[in-house]
Every structure is written in C-alpha cells, then in structure tokens.
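Protein chains in written order, with the numbering used here: chain A, 1 to 416; chain B, 1 to 973; chain C, 1 to 166; chain D, 1 to 85.
Derived pair list, reagent style PhoX-like, types lysine-lysine, alpha-carbon separation capped at 20 Å:
{"#": "1", "chain 1": "A", "residue 1": "Lys291", "chain 2": "B", "residue 2": "Lys126"}
{"#": "2", "chain 1": "A", "residue 1": "Lys115", "chain 2": "B", "residue 2": "Lys142"}
{"#": "3", "chain 1": "B", "residue 1": "Lys494", "chain 2": "B", "residue 2": "Lys392"}
{"#": "4", "chain 1": "A", "residue 1": "Lys53", "chain 2": "A", "residue 2": "Lys386"}
{"#": "5", "chain 1": "B", "residue 1": "Lys863", "chain 2": "B", "residue 2": "Lys671"}
{"#": "6", "chain 1": "B", "residue 1": "Lys142", "chain 2": "A", "residue 2": "Lys291"}
{"#": "7", "chain 1": "B", "residue 1": "Lys671", "chain 2": "B", "residue 2": "Lys862"}
{"#": "8", "chain 1": "A", "residue 1": "Lys386", "chain 2": "A", "residue 2": "Lys221"}
{"#": "9", "chain 1": "B", "residue 1": "Lys492", "chain 2": "B", "residue 2": "Lys392"}
{"#": "10", "chain 1": "A", "residue 1": "Lys95", "chain 2": "A", "residue 2": "Lys53"}
{"#": "11", "chain 1": "A", "residue 1": "Lys115", "chain 2": "A", "residue 2": "Lys291"}
{"#": "12", "chain 1": "A", "residue 1": "Lys270", "chain 2": "B", "residue 2": "Lys142"}
{"#": "13", "chain 1": "D", "residue 1": "Lys24", "chain 2": "B", "residue 2": "Lys869"}
{"#": "14", "chain 1": "A", "residue 1": "Lys115", "chain 2": "A", "residue 2": "Lys95"}
{"#": "15", "chain 1": "A", "residue 1": "Lys291", "chain 2": "A", "residue 2": "Lys270"}
{"#": "16", "chain 1": "A", "residue 1": "Lys221", "chain 2": "A", "residue 2": "Lys211"}
{"#": "17", "chain 1": "A", "residue 1": "Lys402", "chain 2": "D", "residue 2": "Lys24"}
{"#": "18", "chain 1": "A", "residue 1": "Lys402", "chain 2": "B", "residue 2": "Lys869"}
To give an idea of the chain D side of the interface with chain C (calculated C-beta under 7 Å), a few residues:
{"#": "19", "residue": "Phe8"}
{"#": "20", "residue": "Ser13"}
{"#": "21", "residue": "Ser15"}
{"#": "22", "residue": "Glu16"}
{"#": "23", "residue": "Lys60"}
{"#": "24", "residue": "Gly61"}
{"#": "25", "residue": "Cys62"}
{"#": "26", "residue": "Gly63"}
Partial selection, computed: residues in chain C whose CB lies under 7 Å from chain B:
{"#": "27", "residue": "Ser2"}
{"#": "28", "residue": "Asp17"}
{"#": "29", "residue": "Lys19"}
{"#": "30", "residue": "Pro83"}
{"#": "31", "residue": "Val88"}
{"#": "32", "residue": "Val90"}
{"#": "33", "residue": "Thr93"}
{"#": "34", "residue": "Pro113"}
{"#": "35", "residue": "Glu150"}
{"#": "36", "residue": "Gln151"}
{"#": "37", "residue": "Ser152"}
{"#": "38", "residue": "Phe153"}
{"#": "39", "residue": "Met156"}
{"#": "40", "residue": "Asp159"}
Calculated directly from the structure, the hints in this document are not laboratory data.
Since we're looking at a predicted model, the values are computed, not measured.
In this text, a Cβ means the ideal position worked out from N, Cα and C, and glycines have one as well.
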Amino acid sequence: MQNYSIFALLRHALNGHTTWAPAWRSPPLRESYDVIVVGAGGHGLATAYYLAKEFGISDVAVLERGWLGGGNVARNTVTVRSNYMRDASIPFYVKSVALYEGLTDELNFNMMHSKRTMIDVVQTFPKMRELRRRQLTMDIYGSTYEQISTEEVRRRIPALTGGGPDARLPVIGGMVHTDAGVNRHDAVAWGYARGADARGVELHQQTPVTKLLRGGDGAIKGVETPRGEVRARRVAVAVSGHTTTLTETVGLRLPLRTMNLTAFVSEPVKPLVDVVVNCPDSGFYFSQSDKGEMVIGGAPDTGQSFRRDIKQHVFEDTVTAMLSLFPSFRKLKLLRQWGGHLDIAPDASPIMDETDVPGLFVTAGWWGGYKAIPAGGLTFAHLIAKGSPHPLMSPFTLNRFKHLDYVMESGTTTAR
Amino acid sequence: MQDRRFPTGGRIDRGQPLAFRFNGKEYTGFSGDTLASALLANNVRLTARSFKYHRPRGIVGSGPEEPATLVELDGRHASANQAATTVRLEDGMAARSVNCWPSPGLDVGAVNQLFAGLIPAGFYYKTFKWPGWHLYEPTIRKAAGLAGAPEAPPLDGHFEAVHAHADVLVVGAGPAGLMAALVAGRAGRRVFLADERIEAGGSLLDRRLEIAGRPALDWVAESVAELETMPNVTHLQDASAWAYREHNCLMVNERSLVNSTVLERNWRVRAGRVILATGAIERGLVFPQNDRPGVMLASAAQAYVNRFAVKPGERTVVFANNDSAYGVASDLRASGIDVAAIVDSRDVIPDFARNFAGDIPIRAGAVVVGVRGRRAVRGVAVAERDGRGAEKIDCDLLLHSGGWNPTVHLFSQSRGRLRYDDSLATFVPDEAVQACASVGGAAGELSLASALRTGAEAAAKATGTKIPDLPAATEESYSIAPLWHVDAPGAKGKAFLDIQNDVTVDDVRLALIEGYDSVEHVKRYTTGGMGFDQGKTGNVNIVGTIARQKGVPLQDVGTTTFRPPYTPVSFGAIGGIREESVVLPYRHTPVTRWNLDRGAFMYEAGARWRRPGYFPCGDEMFQETVNRECRAVRECVGVYDGSPLGKFELKGRDVDRFLDHIYTNLMSTLKPGQCRYGLMLTEDGLILDDGVAMRLGEHRWLVSTSTAHADTVHGHMDELLQTQFPDWNVHVTPVTSQWNNATVCGPKAREVVAALDTDIDLSPEELPFMRFADGHVAGLPARVVRVSFTGELSFEINVAPRHMRDLWERIMEAGEPFGIEPVGSEASHVLRVEKGFLSLGHEVDGTVDAHDLGMGWIMSKKKGDYVGKRSVELRRRGNAIRRELVGLLPVDPNVQIPEGAPLTPGGETRPTEGLVTACVWSVVLDRWVALALLENGQSRHGETVHVRLKNATVAADVMAPVFYDPEGRKMRS
Amino acid sequence: MSYDASFERLPISACFDLKGAESALVEWIGAEVLPEFPAKANRCCKADGVSLDHVGPRHWLLHADIDREGELNAALRPNEATPEVSIVRVSDTMTTFRIAGIDAAHVLAIGCPLDLHETAFPEDAVSFTEFFGQKALVRRCIGGFDVSVEQSFGDMLEDYLTRALR
Amino acid sequence: MMLIPCPFCGHRSESEFAYGGPVKPDRPDPHTTSDEDWVEYLTTVPNPLGPVQERWWHVKGCGTWLTIWRDTRTHDIVEGPGDAG
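Next comes chain A alone, as it looks inside the complex (with noise of 0.2 Å):
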C-alpha cells in the first residue's frame, strides 16, 4: 500500500502528481469466494477489512451496487459519540468512538478525526432527569458525561443567544460528553476501501446484488448480479435501507422498516461553533464542519421511504426550532439538503446476526449508524468468521424478539 505523508507529497509534487498510485485495484469479478460482503458502504467496508486483517479471511468480494462509500456513509452527519442509556448499548459504542481515534493512524489515511466534544442543550426536566440516567450509567463503561450550568453552556457556544427565561422552552442546563466528536464521511469509506484492498479484498462497484442463492440443503449458495453468479458459502448483507428488498429474494422476512432521515448544510462561514451542539427537547443538532458549513439534522420523515428527498414541514420544523434557540441563523443561507435511507427495528436497536438461512448475515436496524461504522464492522466480521456473536452485539440478535424482549433505547413505550 502506498504511503501518504507530506514527504509522498513533496516527491509527486515534483512530477506533477501523475504517479500516483490507485487507492484500490479493479480486479476481474471471480466466480467465487469465501465471503461475499454485499454493500461497500461505511458498515461493508469495515467488515471486509477486519475480516481480512483479524480474522485472516481475505478471499473476500465487496459487491456495490453503485459507487464505493455512495450508501449513508456519504450522506450522514458524522457525528461519533457513545452517550447511550442501556447497557447492551453503552460498551458497543465505547469501543467503536475508540476504534475512531485510531483510525487515520491505522489506515495511514487521515479521517481529521476532531474530538470536539458534543453539548446537550436541555431545555425539559424529564430530559435532564433521562440524561443524568444515562451518564450515571455510561460512567459504569467509561464513557464520560458531565452537566453543566446553563451560563456554562452559553459560554461554550456563544451564537445560543435564544431559549431565554422566558422563551417557551427555556434552556435549563447540558451536558458535555467529551468522547463526542466529527470526522469526514468520504475518507472513512475511502481509508477502510484502500485498508482492504490492500489486504488482497476485492472492491467490485457498480455490481449490484439482484438476488441471493441459496444451495439445496437450505444454505447460501452465492449471489446473482447482471455480471454473472458469484458464488459464497457466506454472504454478510450490509445495505442500510435496503436489507429486506435482498432477504426477501430468499423468502426471508426481517422486522425492519427503511425510513428516510435527512440532513442540510449552510453555507460556509468563518468558525463560529466549535462543538457538536445537540438539542434533544428542540429535537435538532449540528456541527460545523472545518469547511465552515454548519451541519444539520433532525427528525425522520413518517412513513416507510425510499425517496432520499425532506419532507417540507419535517425540515421546517427542524428549522424552526433551530432558529428558536440560534436566532441569528436567520440570515444564515441553506446550502443544500438530502436524505438517505436507514432500516429500523421494532424497538430502533440494531440487528447483527445470522439468519434462518445459513450463511446469510445481516447487519441493519442502525440508526445513527455511522457512529458505529468500526465496531459494527469488528463484530459482524467476527460473526462471519467465528459463527458466534461478538459479546457486544449478543443483545442484538434476532432472539430477542422471539419473546418480544426490546432494547428500548429511546427510553419510552410511545417513541417508535
């Protein structure tokens, strides 16, 4: 794998950078392998590389429907944190903020991972009362979380001029989870695609999976795509969105629903926000990415969508609520919006297991998924290698819910 650093800069600055090397190979599409990783979004891409470097299993195909690192990973809000409720959850995701620090070093592709800490703006009692039940238990895994006055929050982000004594919801107090921070999307896709690569996976983009095969005794047998049958006696799905339309060409049914959750940016302005701001009772939150834009997101549309597009009244909502507590946003210019697509479980945990159908594994129900790109990748590459779920994810198999035993994490009986 060919080195970056700012002396390989220097030495191809002096030919005008032509020589450099491809970030991966475009290899032939072989007629089988060991394992077909289906999806070379942020989740596929990390599990072909740990199944390559921790597992030693490199006689592996990544299969993408259109370009490598075009599912959510290129159209999230970066956002990485581990200020979850629940035990089952609170480790997992301790692990996967870990994995982020390490990862331009361990890639040698640099993620300008920030850690910027993010701050929780409460503006209701029951909020605060759920947030100081989540730090008391997040202190238990190491994952730290502290309150702060609300002067205190102020002075650590200066533009939350609103949410006043006598707004209609005032802000009351945050917390600080300085674990919290933000990375850029493309080099995460593109630093696991060129880590892979270079451990002997093969990247096939534009090669979608029309159809899952399964064998006579019952098993996966491989996969069909319009260049050819590709044959695996394991195929691990990693397409956010997308999960039931595959498992379901195996007749396979999976409690999961694709909603659309969407996101905006604003123009680029000098830095103004140095923090993730989160306000959970406005239900909005945003970062400033170094390109000065501010990033933003909000509610999910209702309803089943494939549509990648923002429901008017969802996003000014969003809005509205954002410029309640930031007034001086209102001058602030929409720079360009998008949606993209999650699959969500009856109790919106993730589902990490081996299905009904040998050899077929699926990875799904992450909301918020990007957070969990390098643990989600360690654990389901360890599924695919060992049979067995990683002792993170073991709250996360489909088990569960054969006695309807939820992992509730967003804490209420109504919020589905």
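Got chain A sorted already, so can you dock chains B, C and D onto it with the hints?
Frame of chain A; chains B, C and D shown alone:
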C-alpha cells in the same frame, strides 16, 4: 466616478444615484444596478480571492451562476455570502469581499499559491496526520469558511412563510415564461408566476432582440401590464423557486418586498401543473488562467453592456465553441467596444454566426492557450488546437462561451431524468414524472422563437385551450462543438473547472488516476461543484473532462444529483413567523393566569401544557416550597388543577365490550355512578396509558387518560373502531376541554367542598371512593369524582371551563380557613411516590409490564382476550430477568439518590441490576424515599442494595413500593 | 402593521357534537329543531340562528348563540339519547377568532394549508383543517373567516395572530 | 408535503394527517395462533421497494382513518381510498 458607464441606455435610472461602500471605498451606482454592475461601472476589476489558492478574481457572471465574487454585506442588509451579481444595489449599502484579508488587492492568504504544487485535490487525506489532526484543524478551520456568520437576527422586520395554490405555476418570466403565463392567465386559470430577477424579461433584458418587429422589451412591458390586469394571476419578481417537492409542491422565496415589514417570504405553492421556464446558464471554457480578473462569460458581458450600460472593457477577445458568442461580439462592437478577435475552436463556422461578426477577425479552429496579467487581463495567447500559429493579442477583457446548459435543477429535483443531447452538448430534461413541462432555454430551446412557441404550447396544454398566434421573433440559430478543456500544446498553467473551489483539470486527472472515478467520487475528492454556486457554470465541464479522460460518453458518466435549494435561501424565510414563544405549541387552562399572578414556577408538563411546578412563597428554597405543599395535603388540604387530563365521552351499544378490549381489567361490570382505574397496553404488551373510566349511563362512558397520552389514546381508540371493529356501535367524542377540574385533596377536603355549598351528599356512604355524582358546587353545574392520585381523601370537582376560574377562586376562599395551598406538579410527584402510584414518565421505560409494577391484579384473568394480553404472556414465558418495582429506603435517611441512578451488585463497576426511578423527600416519614426497578425485586424485600454514583455508592434497603398508608384507608375515608 | 386585517376573539357559543346516522339523529331530535342536513361534506346549513356543519362522516356540529344553549340542550336531551346516536355538549371545547379585512385570506394562508379561494371554499363551506399547526374549524364570515381551535390553545393562537399581523 | 386523498374531505395537505403505519394482516386469534406467527404479526411489516399499503389518520380534519397505496420510492399515491373499491 462611474467612468465605465455609457451615457445612455440600459435598465438603470440615472436619476437615482446610490452611494455604497466596497471594501472600505466609497462608490456610486444607479438604481437598477446590481452590486456587480456598479463595481464594473466604477472599473473595479479585482473583486475577490479564491477559496484555496487565494488567486485574484474578478466578476465572471451576471446572475446566480457567479462563481467568483462573493461578498458579505454589513449593516442593515447584513448577511453572509452573497454573489455580487445577485445583490440589488441599495443606497448606503456596505459590502466586503469574503475570504480575503485585508483586501483582495493585498491578501495574506495568497501565500498558498507558493505551495500550490503541494496541495492538489485531496491532499489533506494524505497529510496533517502526524502528530495529530487536532494540531492543524484550528488553522484550517480559520482559513476555510467564507463570510463571517451573521451575529444577530435582523433588527427591523421579520420573515414569513405562506401557503399558496395555483392551477398553473410558471417559474421564470423570460420570453417562454411570460408567454406561458399570458396563455394560462387569459384562459382564466389561477396562475402563479415567479422570477428570480429584479424585473421580468429574463434573457431579453441582456440582449438586443425584437418581437413583432419592435424591441423585445416593449413586448415584455406589455405582457407584464396585461398580467397586472388579471386578478387570477400572482406575479412575483426577485422571487426564486428553490425547491420542487413531491406532489407538485414548490418553494418560492420572495425577497425585497416593497412597503412591508416582511423581509423575505417563502411561498409553499401547490400547483396543478408546473411550467419550468428557468432558462439556460452559459458555461465557461476551460483553459489556462481562465480565472483571471477580466475573464468573463460572454453572456455576462452582454448583460452588462445592454442591461446596465456598463463597459466591462475597452478591448476584448471572444473565445467560443458555439454561435451565441457572435451576437455578444456584435452587441459589444455596436457599443463601441473594440473586439480584437473571435477565437472559435470550431474549424467550420456557420454563416449565421459570421454575419454577426461582420469585419471582426475570426480565428477558426483556434483556442486560447494562456492569459497574460495576474490581477487584470492584459492579453491572451492564441493558437491552433494543435499548437501551431501561436499569436499574442492585447486586450483587457476576455469573453468566453462554452455553450449553454438548460437550468434543469428544479426539473431534476422533481425526479425527472436528464438526457445528454449531442447537438447541444449538454444535459436536457427527458420525460417528466410530475405534472410539469420544461419550456424555452430550460428545455434546450435556445432561440427566442422556440422559447415563445414552447411556452405557449405548454400553457395551452395545461389549460386545454388552443395555441394563440405567436408574434414574430428575431431569427436565431445555435450550433456548438463541445470543447471540455483546452489541452493544445503550449497550454500551460492552471485551467479551472470550478473557479470558486479552485478545482483544475489536473485535480480531476489526479482523482481518476487514484481510482476515484465515478462522478460522485470526483466531486467529493476534488470538491468540484460543492461551492456556494453549486457548480452552475462548471459541473458539465467536469463531466465532460471525466468522459474525455475515461473515453466514455457523457451520458454514461452522468451528473451528480441536483439537490434543493436551487439558490441558497435564508433559514429565516423557511421558518416564517414561527419563532420564540410560538416555535412550539402551548396550552393553558383557565387557571393559568391565576397561577402566573400567584408567582408559580411554570414549565412544560407533557402534551404541550404549561403547568405550575410549584408555588414559591417569599424566599423559600425549592425543597421548602415542595414540603409546604405536601404538608398541606397530608395534614389539612390542598388543591390542584387537573384540567389537562385527557377526557373522552364514549357512547353506543358496544362501549362495554370495547372498553373490555382496550383495558387490561374488566370495565363492563361497572354500574352507573361508579368509576375504575384501568390500564391500557399496546398490542405488543407495553404500557400505553393508565386512567379512570366512569360509567355515566347504560351506554355512556367518560374515559380519562394521562395528560401526556391523550392524543395517543384517541388515535388508538379511533383506529380500532374504524379499522378492526367498523361494525361496533361506539362513538368517541373528545371532551378534554369541555371538562376542567379542580381536585381538592387532604384530610380536610370534605369540609372545604361542603363549605362551597353543594347539593351533592359528600358523605362516605353516599359518595364513597371511586364513585361520582352530578350536581352543583358553589352554584355551578359540576360533577364530583372520588378518585385520588395523592393517597388522600380527594374530591375532583369537574366544571365547564367557562366556570373554572370562578370555581378555583371560590375553593381558595372556602379553603382559606383550613390552610389550603395550591399544589404544583413537584408536590404531586412526591405524594404519588409516597403511595407508590405509577407515573408513566418515571417507572415505565419501554420494558416493564404490569406484573413488574406489582399490578398483576389489573391483568384480568376472566377476560379471554384484550389488547396486549397475548404479548405479555409471551414475554413472561421468556427467560429474560424482570426488573420489578420496589421501594428503597436509603440507609442514611438524609441521603438523596439522583433519579435515574443505576443499581449495581455491591455498588461495584459492573452492569446494572436496576435503576432508581424516583427519589423524594417525604414530609410524613421525614426522610428520603425512593422507587426503583430492580432485578427480581419483588422477591428481594429486606435486602440491602447499592446505588452506584460516580464517586460514591449509596446503600438502600429494599421494601414494598408504598411508604404511606399502605391499606389506603385515607383515600377511602 | 403590514396587513389590512384584524382579529378578535369571539365569546363562546353553544355547540353540540352530533354523531350517528342522519336518520337516527332526525328521529331522536325531530326535524323541526334542526336545519336541514347539508347535502355535501364540509358544508353547512343555517336556519333561524342555528347552523349545522357536516364536519365528518356521520358527524355534525350544531352551532348557535350561547343564550340558546339551554333551549337546545332541552331539545336534544343528550343524556337520554338512544344508543345509536351520540349527542355531546361541546360549547367550551373550542375558542373562535374572527379574522377580517382585505388581507384576511393572506393571513389565513400563513397558517392554513387549505385552499380558501372562493372556487375551492365557497360561502357555505366549513371544514376542520390546520391553523398554525393546530386542528382548526374554518368557515367564512362577513369580510373574512372564523377560525376555531381547541380552547386550551387560544392564548397561543392569539400570540400567532399578533405576529402574523405585525 | 404530500397531498393525501381523504374520502370525506378530498385532497388535503399531509400536515393535516397523522401517519398510521403500514397495513398489517388481520389480527390473528391470540388463542390459536403460534408464538412465531404472533411475533411475526407484531414485528414484521411489508417493507417493499415500491407500493406499500398504509394508513393515515385525518386527525386535524374529519377524523377518518384511511388507507392508501404509496410508492416508497417516489411518494406517489398509486391507489387512494376511493379507488380501493
């Protein structure tokens, strides 16, 4: 001194001079100017610095496509980035170039140019890794970003968002759009016409064309006047359609409204049919130093000359690969600008074009291989495409035209597919998928005659009328031979594809070399097309360059996705009037005013109700206040406003079986006058709500719900009745706001209610616990209900809201001698915790069921089926360990446990075995008491468990979850 | 103020919620008490100060001045009504704002997604829709519109209208 | 913002409605159905890349619970409650 302004002509008003500042210097322009035209009139050539290399830049375009000159406005017009070409000049305006310091003339950031070789596309992925990104990030952040962020909301005026409905929405008031609006308007349809420019006319404003043998602008004026007379037509200028949503809903952002306090208005237009007459945008040519100040789009120069009477240069060279530039050349020459040469990359030039050129020397088959002058164009180097016949031509203005791109943004947002058209060498709309039609330039119909024709045809089709006779228009023809970038021998130096983000042909080459070879990869790796202008002039050249490098057709490369907005729109306009207090709904009861007067601390308490948390007296601390309110209820009497509780009247033959189906316990056995506490589950066995049902009559019931879940329960009941039991005879009527109530509770409650004088017998015999009676209280028609959420003797007095404030004040009067206190949510919380009463917000968190809460008795065994029964049984057959509700007594009675604190074995750093759901100071027990969910808690009474805090553990004894009057004598008294 | 429109909060009026089959209601109440039933959805019929709004399937609202409440209550006998029909006094549940003036329609459009153009929403039209995010009953009045929202949202709506008209 | 066809009110803005979720098969008899089928009924809904049958509640309008077929790729309503027959 506007020394570049022609003495006559143009669409500006020389009678209205406007003074403005740019980068600290004073200038004047005229009404009708944009900031860009005024700057050019004042011969300001160097107006900006580029994003990455900080190269000197000038004005390139004349509209929203402007890639180079972004400004920041100060003072009254304060806003962040704006393209100078879209800023309508106003008197006293102050503008600054973005992203350069101290000025575009002397810009410190320009040092980047020295390292240009080191920082190709994606360089940051390869470096800044050691020792850590955090060392470099702050500097890079400062360098990035463009304008400064607005520091305050606009002082005067406000924003507005509004709904609109139209039979036909026409976007764009150029020739095609005006013609479409006329046809649809004359047909009597409701027409909504929106155009992004300050005045109507579109490209006609920039050019010298004729309609019906007269100047085209006469026709524009007449058309606008006619539309003016039509009451069924709404015509907006300076209004951009920025989003095309599903079901023909478009967003239109209206700016600079006259004599209104509204700064900007966002129209949500729902249209029967949409006609997209958004015109076309000229793309540049890609050649070395094509970013120098004085290198300008041909169409822009034409606009400055004709529309603004501005002379963009003295001596110009025109570089083109298509015919349209010839008309520009002839206009410029007619204005006395010396056109040194037309350099056309095509070998064969159509006569149509040649006629325009007249005696202007034409170099066919030639290209511009370089530009002289760093801060202003001083000349160009020209050569044949194969590099032969090189010559230098002096000039101070280089115009270029790479062809025309239909403005397909909205069409593409509507999900319409694009098709690459070889004859036009660009992407044009293919089949429409929503009820819309593209006309004129937006459809690739680049001649005036075809614009008028297609506009009329689309409108006629939309309105089912016949196409009118069309006026004759200037003859035009258009042909082009694509030239994606100049690579003639001798062409050296940076050739820009995206001028704003400093993306060059070499950057795209590098991306492809490294394997980033899909159009999306190239965009992301080079950031091409990701600037403020979203690549309006450059994107197709990028696609062309990729196609050329990879040797595939442009159709196969495709475009990146067009996303809203078409042009940036301020968040304020999107939000409209929703701000501050009204950003979220809020609800009041007739007592809210009284609470506020009494100095109550109010907060959101579910379902948008603003409720009193507590009623501080004097300089009491919070806990003192709550204790006082609790003591009142436990020792004498208190009253609270229970109005927000959800209430529904159910009527019909099948109400009994319906209630038995939605409640876990048996309701149908109730007699009129009785009420019963009940629990509702979701079908998957989770707790949905709890409340009280009363039988008013044989077929009439009143069902009350928790405040927070009133709407949820309403939906739940309606859905079951309309979808599962359509033939059941049950009518549901929400009466939450027909019945308010004041609940008098405490040992002295009966005396207080009696003192109000009532015709209802309050004796425990006549009106025992869980009964109600209708009658009068304090002379007001009322229903008195014996329920208790505090564990004390309680009378819930229900009246119509019109009487509520009256009742409340009478209660406070009558209660005064008994020491009555108004009770807020905080005290109510304490009182219910002391009794171990369920609070959905605390004890129910999506996993517990009634058995866990020690309420197994409420899960009827008599009933074969009810919502959630099967799921609860199924879940309990699983082997998951249950977390059950228990009471906790901190071993040290004076230690408070934070609500939500985890219980771990021995308080060690281990997975939790439960959590504290509530912890309150009990005035009756004079200690802290808590409720908790604990693994197998019901069998662990008497055990000591440990709460794990960050730096401490709290030992607590486990007991049954009731601390006060376990037999419930008091509330039954 | 940028709009030629004003609003006022009207005193409460008598209102009864009627549900069930039209025939059953007529049978119970007696034709003489009620105006005739509107033939179409979201239309109303008026007769001597009483208006009957067809606001939902097998669902009507009966309106009159508040001083008629007792008399109507006596005629409708909600509590004794046959099981097939539901009659509930709901006079207090909604609070009504009268928005009048040349720009009244525009002010409505700020908060209401419904097409209120006379071709789409004629003189006798009445409908539940959305106003500033809340469920609202909209009808025409002289020179403008009457908008009724759930009573507890009254103060909020006043807040909104004040902003809309500033 | 979609335009949803309400059988009583006609086409109305999506913001007047509350989403009611995809239409499930009829509720199985809890006494006779197997655990597996019961769980499937509760947790697993059709999730097609294309038309899905779903319910909307006209909560801010006439209160009707209606059923439509909506294409999840486009939001086009391919079959309204009226056409359902």
